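J.: Sequence:
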Amino acid sequence: MRCVVCGREIESGSLCGKCMVEKQEVARIDEFEITICSRCNFIRVGNRWVESSIEKVVEDFVLKNAWVSEEFDVSEVVISKDYCVFKGEIAGDEVEVVVPLKYRINKVLCERCSREAGGYYESIVQIRADGRELSDEEIEKALEIVDEVISHAPEDQKAFVSKIERKKEGVNVFFGSRNIGKKVSRMILRKFGGSLKESKKLHTRIDGRDVYRFTYSVRLPEYREGDIVEKDGRFVVVRNSVVGKGSDIITGKTVNLGDEGVAVRREELKGGVVVNADSEAVEVVCEDGRVVTTPRPSGADIGAEVKVFEKDGKFFSVYEGSQSSEK
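The sequence shown begins at 1 in this note's numbering and counts up by one.
There could be a bad hint or two in this list.
To be verified - Each computed DSS-like pair below joins lysine-lysine, with the alpha-carbon atoms no more than 30 Å apart:
1) 107 to 141
2) 107 to 167
3) 270 to 245
4) 182 to 141
5) 87 to 107
6) 311 to 270
7) 201 to 191
8) 270 to 141
9) 197 to 168
10) 191 to 141
11) 87 to 23
12) 231 to 201
13) 191 to 231
14) 81 to 64
15) 197 to 182
16) 87 to 102
17) 245 to 141
18) 201 to 253
19) 191 to 168
20) 102 to 141
21) 87 to 141
22) 141 to 167
23) 201 to 245
24) 314 to 245
25) 231 to 200
26) 64 to 23
27) 23 to 107
28) 163 to 200
29) 245 to 163
30) 168 to 311
31) 141 to 197
32) 270 to 201
33) 245 to 182
34) 163 to 141
35) 81 to 56
36) 141 to 231
37) 191 to 167
38) 191 to 253
Because the hints were derived from the structure by calculation, they are not lab data.
In this text the structure is predicted, and so the values were computed from the model without any measurement.
Could you put the whole structure together from the sequences, leaning on the hints where they help?
T.: Structure below.
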């Protein structure tokens, strides 16, 4: 048999493969629409907003929705910005079919950005510290936790921060999601220690259902690592504020801490060097040139660098190199 167009011999039918792709439609891609958020550039795929590129979305659409004739055995698909090339075999001939790509870009605000722009929030995390102001370092680390939790929930349409309020007494962070606020508050608690209280307040009613806003109040301990607290008449240097562990500055024994108040802040401690020592006391030259005598701190020998503080007219010193003991 011969092709009715070019006259080439063919095994069956009326057209050879090359003439068939010129005379008949063997591949088609219907026009489609790509919806992009004009604010965050996420792309809607089905019912979800995902972080992707237009090229990737176009490729996925073509591979899933292109129509190809049953006679066309496609071996390769090359997708560019404006057209798609199908390579394969039809009626015994190797052919390439170029199909134009037609799609529209529709820019809207995704649900997440729409809520964020409108100041929507479901929870507040209040970060405070007992008996003191938060340090800049604590605030910075707490906000790093916020960023970490948000970054690990890219598909949660409520995983965003609506507002951050910095107050003298602490920081308030407003979250679009209750779950994100709850997770952040627990991570801050694990990082710094302290206590966590949860409360809720009726916000509105939707379709007969009560809608609440939740507040997670995180209170960091009054003491931080390196602070000096007084417990049962002895001074203890805080070693771990999260689990409430310290060391007796004289014996080095581990002390379990509760809600003890701070006797001396770590910023108030002055540096010094031990120049003389006996079994009970040490003589220390302070960084300001003064020479003081203190009870001998655990582990300190002549030449040891210590921290000195004064309390009730008496001087005490702490040896940072000492290790706490369970004995």
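J.: Against this structure, judge whether each hint is valid.
T.: Evaluated hints:
1. 107 to 141: violated, 36 Å
2. 107 to 167: This hinted pair is violated, its Cα atoms lying about 38 Å apart.
3. 270 to 245: holds, 23 Å
4. 182 to 141: Holds - the C-alpha atoms of residue 141 and residue 182 are around 17 Å apart, at most 30 Å.
5. 87 to 107: violated, 33 Å
6. 311 to 270: holds, 13 Å
7. 201 to 191: holds, 27 Å
8. 270 to 141: holds, 26 Å
9. 197 to 168: OK: residue 197 and residue 168 at ~20 Å, within 30 Å.
10. 191 to 141: holds, 9 Å
11. 87 to 23: Between residue 87 and residue 23 the Cα gap is close to 17 Å, so the pair holds against 30 Å.
12. 231 to 201: violated, 39 Å
13. 191 to 231: holds, 24 Å
14. 81 to 64: Satisfied, since the Cα-Cα distance of roughly 17 Å is no more than 30 Å.
15. 197 to 182: Measuring from Cα to Cα gives roughly 11 Å; hence the hint holds.
16. 87 to 102: holds, 20 Å
17. 245 to 141: holds, 21 Å
18. 201 to 253: violated, 46 Å
19. 191 to 168: It holds: about 22 Å lies between the C-alpha atoms, which stays within 30 Å.
20. 102 to 141: With Cα atoms ~48 Å apart, residue 102 and residue 141 exceed 30 Å; violated.
21. 87 to 141: violated, 55 Å
22. 141 to 167: holds, 17 Å
23. 201 to 245: violated, 36 Å
24. 314 to 245: Distance of about 25 Å is within 30 Å: holds.
25. 231 to 200: With a Cα-Cα distance of about 36 Å, the restraint between residue 231 and residue 200 is violated, given a limit of 30 Å.
26. 64 to 23: holds, 25 Å
27. 23 to 107: Status violated; Cα separation ~38 Å.
28. 163 to 200: Cα-Cα ~19 Å, so holds.
29. 245 to 163: violated, 35 Å
30. 168 to 311: Cα-Cα ~28 Å, so holds.
31. 141 to 197: Holds, at about 20 Å.
32. 270 to 201: Answer violated: residue 270 to residue 201 is near 48 Å, above 30 Å.
33. 245 to 182: holds, 26 Å
34. 163 to 141: holds, 17 Å
35. 81 to 56: holds, 11 Å
36. 141 to 231: At roughly 29 Å apart (the allowed maximum being 30 Å), residue 231 and residue 141 satisfy the hint.
37. 191 to 167: Roughly 21 Å separates the two Cα atoms, so the pair holds.
38. 191 to 253: Roughly 24 Å between the alpha carbons, so the hint for residue 191 and residue 253 holds.
This entry does not satisfy hints 1, 2, 5, 12, 18, 20, 21, 23, 25, 27, 29 and 32, going by the numbered hints stated previously.
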